[in-house]
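Chains A, B and C supply the protein sequences, listed in that same order.
Going by the numbering used here, the first sequence opens with residue 1, and the numbers climb by one from there.
Going by the numbering used here, the second sequence opens with residue 1, and the numbers climb by one from there.
Going by the numbering used here, the third sequence opens with residue 1, and the numbers climb by one from there.
Heads up, some of the hints might be wrong.
Claimed, not checked - With a cut-off of at most 27 Å between alpha-carbon atoms, the simulated DSSO-like pairs for lysine-lysine come out as follows:
1) LYS280(A) / LYS86(C)
2) LYS253(C) / LYS228(C)
3) LYS10(A) / LYS86(C)
4) LYS277(A) / LYS86(C)
Stated by the list, open to error - Residues on chain A that point at chain B, a partial pick, calculated with CB under 7 Å:
5) GLY38
6) GLU40
7) ALA48
8) PHE50
9) SER70
10) SER71
11) PHE73
12) TRP74
13) ASN75
14) VAL80
15) LEU92
16) GLY93
17) HIS94
18) ASP139
19) ASN140
Claimed, not checked - Beyond 10 Å from chain B on every Cβ pair, some chain A residues (computed):
20) SER165
21) LEU183
22) THR263
23) TYR285
The set of hints was computed from the structure by calculation and includes no laboratory data.
C-beta: ideal position from N, C-alpha, C; glycine also.
The chain contents come next:
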Amino acid sequence: AQSSVTLYGKVDLAFSKATGTKDKQIADNNASRIGLKGSEDLGNGLSAFFKLESQLAADMGTTTVAKDGSSTFWNRWSSVGLAHSKYGSLQLGHMENGAWDTQTAFDPWGGDTVAQLRDVGATLYNDATGKVTANRRLDNSVRYDLSMNGFKLAASYAEKLGGKSNPFAIGGNYTMGPLMVGLAYEKIAKATTGQSDDRIVSGGASYDFGVAKLMASYSDGRTVADDKVKGFIVGATAPYGAFKFKVGYSQSKTELAAGGNGTFKKAAVGGEYNLSKRTKLYADYAHISGDLTTAQDDNKNAYDFGLSHAF
Amino acid sequence: AQSSVTLYGKVDLAFSKATGTKDKQIADNNASRIGLKGSEDLGNGLSAFFKLESQLAADMGTTTVAKDGSSTFWNRWSSVGLAHSKYGSLQLGHMENGAWDTQTAFDPWGGDTVAQLRDVGATLYNDATGKVTANRRLDNSVRYDLSMNGFKLAASYAEKLGGKSNPFAIGGNYTMGPLMVGLAYEKIAKATTGQSDDRIVSGGASYDFGVAKLMASYSDGRTVADDKVKGFIVGATAPYGAFKFKVGYSQSKTELAAGGNGTFKKAAVGGEYNLSKRTKLYADYAHISGDLTTAQDDNKNAYDFGLSHAF
Amino acid sequence: AQSSVTLYGKVDLAFSKATGTKDKQIADNNASRIGLKGSEDLGNGLSAFFKLESQLAADMGTTTVAKDGSSTFWNRWSSVGLAHSKYGSLQLGHMENGAWDTQTAFDPWGGDTVAQLRDVGATLYNDATGKVTANRRLDNSVRYDLSMNGFKLAASYAEKLGGKSNPFAIGGNYTMGPLMVGLAYEKIAKATTGQSDDRIVSGGASYDFGVAKLMASYSDGRTVADDKVKGFIVGATAPYGAFKFKVGYSQSKTELAAGGNGTFKKAAVGGEYNLSKRTKLYADYAHISGDLTTAQDDNKNAYDFGLSHAF
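Chain A on its own, in the form it takes in the complex:
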């Protein structure tokens, strides 16, 4: 029962250009962070644990300040909970929602870098209202996690706070040898009574052939305005010594409730070179197209060349 705090983190910076701009920048695209975590064995398979994690933009040394006069310094995670070796863990606080991991598992870039496909193919997107900001992290929430025989489950439920309904998210995946399948459902709190809830269901699978891992996922959502959004991601990663290559394509199709529809496409290719288990160099290129992008022809591409170091 002695104190054992682990201080961990990641600093990741890249020379990069985003879509929709001609500016080339040094940018923190991959959420540099520091965190504290610890757990205490309470006996009988029970343990108590906490986790505090803070994101920073390492290109400027900044952290987040909320508009209401408080700083969400621990903006990635702040929780305390109890875990049982068999029955899973229950925690309270500000946490990533239970669907996130499964939604992200079938993106070759795992939601990182300018090449990530998750932001097109596994998110509610609507040209008329702009991208729906997913409740990636939920304030004042309860989260349950279970990991058992290759099966992983995470479920989150949160207070309404300013919204009109309770955010809820659940995701699960099952790994059997080279195969992984996953399914996730996320309901985002609506802001106005009488609306529907933003909601999205996503399913996917990956198979590791050794020489390469193939993956695909499909998402089907509906916004508060009753616009229908369907998206998919297909991709592959291939290790080659210390290298890992990535390629993928994603698409999102929106049918507006008011009539009309449009498509948003993203294709990407990239690679990383692992200097160690904790440190890597990476380079990526992505191109967007479709009816729903307002980017000009000459800035529909994005690239990055970066260094990531975890500790």
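We have chain A already, so just place chains B and C on it with the hints.
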């Protein structure tokens, strides 16, 4: 003389309801925090030390931002000082005032949870002007601490800053076997010249009978508006294996300088179950009443059920 | 390749009075800070490293909040980079510019305390426009460092961001036995097209005679308004057991482009007593004079008496 920084903290969250509202929430009522501290032996009984402590609201991951464009991240404590094994310690910085510990020592809840009695029976309170915010922590202050033969003393003196007088606070307590007695005086800086200073003197005692510890304290204060405030706390705590039960009652009576007076009452009961030395579950219930509360009949009660984990 | 994070810092507070005011305060004049750093050996002389450093004002527990709604918590340094044992290190992020160390090396106070001479003799200063805020730290910058055979080089290049040119700074110094010589050039980004860049070149030398170390430096700069600024510092430090005494004089002369000129002078004396390698007491006195100070006769002096503890 080598570096030895200790990283410590607490994460504490509860399902709770406060008085004056019907909202049931996940709330951080007990000041989750992280801190850094260290000391260095300089020889001849002398040592140098520092302490930095930051509070967070773990339900949302937020820390405090002040209105003047600075973030009081180290809002609980930031100091550097010298300590002598015999003659006590002297430190400079942003610190808890010297009266706080003694004012809080005779509250069965020690100033924590929705059941704390300190906020009624050991604080300046005035229905006409609202609760006087005690200068719990003093900016730009000097603090002296002495601990000797069961006797503990703490004294603080601070710059005026925006105020018109220097905040000053002193508290002392003496422990002899099962008996503890304490006395504290706190003068809060007045904001306007010509006013009196907010000030409060508190005295109390506790006796540990083994099966239970009884405690009582009395406070007598006067606000800048010359309203007189008298309060008391009576309470008991009783250990029972890994359990600890708590019960108490506190009252505050205000005589307005302009004439008229009123009473504010709080009764509370609670218990905690220690899962380890560092981790506990707790539950509390409190009820307020009296002339000075504006809470409606149906929300004069408060409760919490929480988990607290220190590291 | 295992994790090895070092948590380090300094807390430094003083009773002090600045020039231009009669207020005596408890003040944090020397940048109290906490930091995290670590490096990982990648083999073949290569290593990866990161550094995150946050300044605090320990008299109030505050950190910096920027106006744009972000908190520059890691305001002193946030970077990630690769280092080679022979060819130096390259890092990206928010960092001190490459000229700073050399500019500061010939100030007996190293840019610290109210007695520092750097702020007069090695900075662009102009009574008409006020002191030019040097880009001490550069956002979105690249920095190269090389240390070899007594020779040290640091160079920084940064994005324009809001400015109209790219900040650039380079500094180098060479140490041979008791002698050290240094040269630095800094170009600060201009805010408006058509202006010149703020720029300053500084050179200096120090010689350690054992009983005392003598040092002198000269700076020559030009502001965006084409005002010419020339400054110098002369000083000495002398160790005596656990004591170290410091004395120095600096001067800055400005020729306004619009005609007219003026002089700013600062003389200072001080001493420190090292309680250990990490902890010291210090006292300083400084006096300013000249055409360019608007301070009244009775507040042209400054002093401090402080405690500094590093961990």
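Hint ALA48(A) vs chain B: min CB-CB distance below 7 Å? Holds. Min distance 4 Å.
Using 7 Å as the Cβ threshold, decide whether GLY93(A) counts as touching chain B. GLY93(A) check passes; min Cβ-Cβ to chain B is 5 Å, inside 7 Å.
Go through the hint on ASN140(A) and say holds or violated, using the shortest Cβ distance to chain B against 7 Å. 4 Å, holds
Hint check: LYS277(A) vs LYS86(C), CA-CA at most 27 Å. Holds or violated? 24 Å, holds
Proposed interface contact between ASN75(A) and chain B, which counts if any beta carbon pair is under 7 Å: Holds, because the Cβ-Cβ distance from ASN75(A) to chain B comes to roughly 5 Å (cut-off 7 Å).
Closer than 7 Å between Cβ atoms is the bar; does LEU92(A) clear it against chain B? Give me holds or violated. Status holds, d = 4 Å.
Would the hint on GLY38(A) be counted as holding, given a Cβ-Cβ threshold of 7 Å to chain B? For GLY38(A), the interface hint holds, since the closest Cβ of chain B sits about 5 Å away, which is under 7 Å.
Checking a non-interface call: every C-beta of chain B should be farther than 10 Å from the C-beta of THR263(A). Is that right? Its Cβ never comes within 10 Å of chain B, the nearest being 37 Å, so this holds.
Chain B versus SER165(A) - minimum CB to CB distance exceeding 10 Å, so not interface: 16 Å, holds
Do the numbers back the hint for PHE73(A), that is, is its least Cβ distance to chain B under 7 Å? 4 Å, holds
For the pair supplied as a hint, LYS280(A) and LYS86(C), confirm whether the alpha-carbon distance does not exceed 27 Å. At roughly 21 Å apart (the allowed maximum being 27 Å), LYS86(C) and LYS280(A) satisfy the hint.
Chain B contact restraint for VAL80(A) - C-beta distance below 7 Å: 4 Å, holds
When held up to the earlier numbered hints, the structure conflicts with none and fits them all.
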